[in-house]
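Spelled out, the chains give:
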Amino acid sequence: MKVLIYNLFVIALLFSSCGEDAFTSVVELDIPEHQSTLATSFLLSADEEIDSIFIAKSINIVGDTNEIIENAEVRLFKNGNLFEEFEFIDSSNHYFPKNNIPILADGSEYRFEVSALNFATISATQNMPMIATVEDIDYRFDAAIDSYGDITDELVFNLIDDPNEENYYAFEIYRIIEENDLVFEDRIYFDVNSLVYEDAAFDYYVLSDASFNGNTFNARLLIYNWFEAQEGDTFKLVVKSLSYDNYLFQKSLDTYYNSSGNPFAEPSSVYENIENGHGIFRTESQVVFEFQL
Amino acid sequence: MNFMKISTVAIFIVLFFFNPIFAQKFTISGYIEDGSSGEKLIAANVIDVKSQNGVTSNLYGFYSLTLPKDSVILSISYIGFQTKIVELYLDRDIDLNIQLGSSIEMEVVEVVGERFERIENETQMSRVDIPIEQIKKMPALLGETDVLKSIQLLPGVQSGGEGQTGLYVRGGSPDQNLILLDGVPVYNVSHVLGIFSVFNADAIKNVTLTKGGFPARYGGRLSSVLEINMKEGNMQEFHGEGSIGLISSKLTLEGPIWKDKTSFIISGRRTYVDLITRPIIKAAAQQDGVQLEPRLFFYDLNAKVNHKFNDKHRLYLSAYSGADVFSSKFTEDDFSATGGIDWGNIISSLRWNYRITNKLFANTTLTYSKYDIDILSAQEDESEPGMINSFSAKYTSGIEDLGGKIDFDFIPSPNHYIRFGANATHHTYSPGALVLESTFDEIQLDTTIGSQQVQSMEYSAYIEDDMSFGNFKANLGIHASAFDVNDQTYFSIQPRLGLRYLLPNDVALKASYSQMTQFINLLTSESFSLPTDLWVPSTDRVLPQESWQVAAGVARTFLDQYEISIEGYYKQMDNVISFKEGASFLLGLDADWQDKVTQGTGESYGAEFFVQKKKGKFTGWLGYTLSWNFRQFDEINGGRTFPFRYDRRHDISLVTSYKFNDKITATLAWVYGTGNAISLPIYSYPIAYDYFRSEFDGQVFEYEYFNEIESLGDKNSFRMTDYHRLDWSIEFHKKKRKWERTWVVSCYNSYWHRNPYYIITDNEAVLDDNGNFLYNQKVFKEISILPIIPSVSYQFKF
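Here the protein sequences line up with chains A and B, keeping their order. The first sequence begins at 1 in this note's numbering and counts up one residue at a time. The second sequence begins at 294 in this note's numbering and counts up one residue at a time.
If a hint is listed, it holds; no wrong ones were tucked in.
Cross-link-like lysine to any residue pairs, in silico, SDA-like; alpha carbons within 20 Å at most:
{"#": "1", "chain 1": "B", "residue 1": "Lys687", "chain 2": "A", "residue 2": "Leu195"}
{"#": "2", "chain 1": "B", "residue 1": "Lys1074", "chain 2": "A", "residue 2": "Asn60"}
{"#": "3", "chain 1": "B", "residue 1": "Lys889", "chain 2": "A", "residue 2": "Asn258"}
{"#": "4", "chain 1": "B", "residue 1": "Lys1074", "chain 2": "A", "residue 2": "Asp64"}
{"#": "5", "chain 1": "B", "residue 1": "Lys1027", "chain 2": "B", "residue 2": "Phe1089"}
{"#": "6", "chain 1": "B", "residue 1": "Lys1071", "chain 2": "A", "residue 2": "Ser260"}
These aren't lab readings, by the way, just hints derived from the structure by calculation.
Given the sequences, and given the hints that come with them, work out the whole structure.
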């Protein structure tokens, strides 16, 4: 009888305590003190205006708050020479280029440097990749089947790889829509069915030329049917050449987001290449093709 | 010169094995059985009281004892049975089958170690037997008795995540355990994401775990060998037992087909959550105008038949089939969709015992083991008149083994027990393939994506001798193996050594050395057992795992009731496998599995203390493990050595049973372990991570998304809070006229300790004294999953 009463008590306790936080408890862990450094992320794209830059600092995982660095000296060097300087604009919390000198896809070496009071100077160096050579772009309706089993359209083209370089690529597709005299671009998501592609953050793919170095790679991008592409639509294909660090960063960002808070994955960190600091400096060049279906 | 050498060696061997060669000797041999059921008794003790020479019966109950011509007083003993004394005059070879009857004291004898042989008399160290009756008494999660969770309570063995059945033996990972069911490897040992094991305790006869000092007959895994043998079936009369629990029911039937010649046992278990919930779910769905048919269950089916042709030949056929089924079918008007995941094992073995002579025993086994998983997604649309559009995607992966082995036991004298044999296994791996089929507008597509099957052959041969010279005993052996996959062949020679020296006061000093090689790997999470875990072979890129282990210790029995052992060990592992940082355990078709893994080294050392009481009303054990466990991979943690996730400095288990009387037995188990090692972020910084441009009416718009990146410290450099819980069970027995029933009330995690499963970072609002929001503060939160869980089950036996 005592056992019965005890178990009834236990059952009552069980069901009365299954509240929102019944399985969660805050714990205090002995986390080592982190030495704060400058942190940034900067993408330098050829044939584009230079992006504005956000400069912050790294902080302890618990107990600290984020802080924007407003007094930094931000400079970009090209082949060892000062190329561009940046100034802080209060209204945006960003640093903007003073001269807006065009960036060319000419293989130049860029060095990015940030100095600020009370912090060590941070820097990173990247080469600007050459633009990719693309041929034989073809759009085929209902020509493939995606990983969900749906029939899809297919955008096919040949990528001519430079045998003298290790190359890394990414593709983007847009549909150009004109409505009521307005023109806008709609990102087209696509699927792939080749093991050459690797997942990058935000449903992009990146790929290395390791398996086709110096040869022609036949890219086949599967356009989901829900976009309802029709004859006469105007599409834009962007083929990007990525620096190696850019390629690693985009892959690591994808695994980072997939593993964050995911007990089914090994935890991971985002790839960094900033000397004396944290974050990423990366480069890419791109070639754009507009075509009508 | 060569002839001289060979002759000398030959003479030495003859003298070594058959000394004194001129003494006239004869052999007593036969089988030892449970007199009431005919079940063979494993490791029963046969001792000549006069000379103190003795042997133990093998896995099939066979024994052979060779003694000089003389009068002999044989003592045949097995715990839980009455000791039998047989007096005879040995002047010829004698066949003597011995049937032991249940002990008068059996009702009060509760057994923890099954073997009667005292721990100090054995050469073997690092081995524990748990009788199935003890396992069945243990408190169990949701009342489901679990063999593997009982094993987790032994020193040197750690559990994985909360409630999981994974075994981490002396720093090894779950794939480094060779788990044998009637001699056949079992590849997937868990149901429901590792919460329950596939072994139905009602069908099991005995369980033996070897975690070090491996004799040469074992091979193929680095860390442990878990042998589980099914019951053979009662040769005398028909019996049955079963149980009805909260989530499943079991029924076992056994009996003679041909009395004293052929017997059978069949045992089944099935969960029935789906049977209860299906009508409710269907009714709820019908109210919304749709049909929903869920199928959520797992089952196990064990069966065994054995036939005794005569005293020389005996045949066993055993089989296991079990599966998890999680699926549902959705139907609305002309549209239907089916999705689900099924996984399971099929295992079978055919064993032939042949007593070739009274000193030579052979067992030949044919084995089959298959594990596969199917993930199905299908839909059918008949909304267009006269047309059916359909699509199905089926992902399959698994492993299939077909093998044969032969093992010999040769017992030339009481001082030598020689085992030798060979094994060949053909493995077929299916690392994952996706079959897509669709029909749209009368266009049919049929595509297969993914890895092709891989075949391999694994061979092994061994010889070992368990020898004794006075107070000194040794087990010396060698295990050789080879693995052939994709034109790549690996060879391995693995020496094994076990030593025992008996000091005065019956204190045994023991030591062992063993090398092991493992040719197949399991790609799995360190935290979970998932049905999608893949068994994959060593390849030209993924090298075989190897280890060597030394152990030393002392053992002694006190007061005839308490066995105490203290062991220290050191284990070095090479080519251990791990997922690369960030790799998802949910293996897809997007990459070759070899690209997702990396290999490194492992190091584990520690000490184990074990005391157990085998007899009396009060029985149980106390185990304590002090251990260190590290890994090093060039591609993980910057190449720096880091603690393994289950590097558990202190691990304590206390198991006690008390039999109040014939009607009530109570069992209590308390476990404590240092918190698991875990990787956590130590700093963060904001990052602009995505640039998105859009052109609208001639103007370019830029979007820049910010997020906070959290960066990890050294891998596994933090600890979760310590793990501990108390489980208990009480059995209420009652004997009826023709049957016996037992109510079992049990409770898991009785004081509801929030044992950590994993840790997340989260923002928590900081408020002022008036409850107004000030700012968000980042905190670490531990997530626990299993609260206090009471359960009740009803068992019956007839």
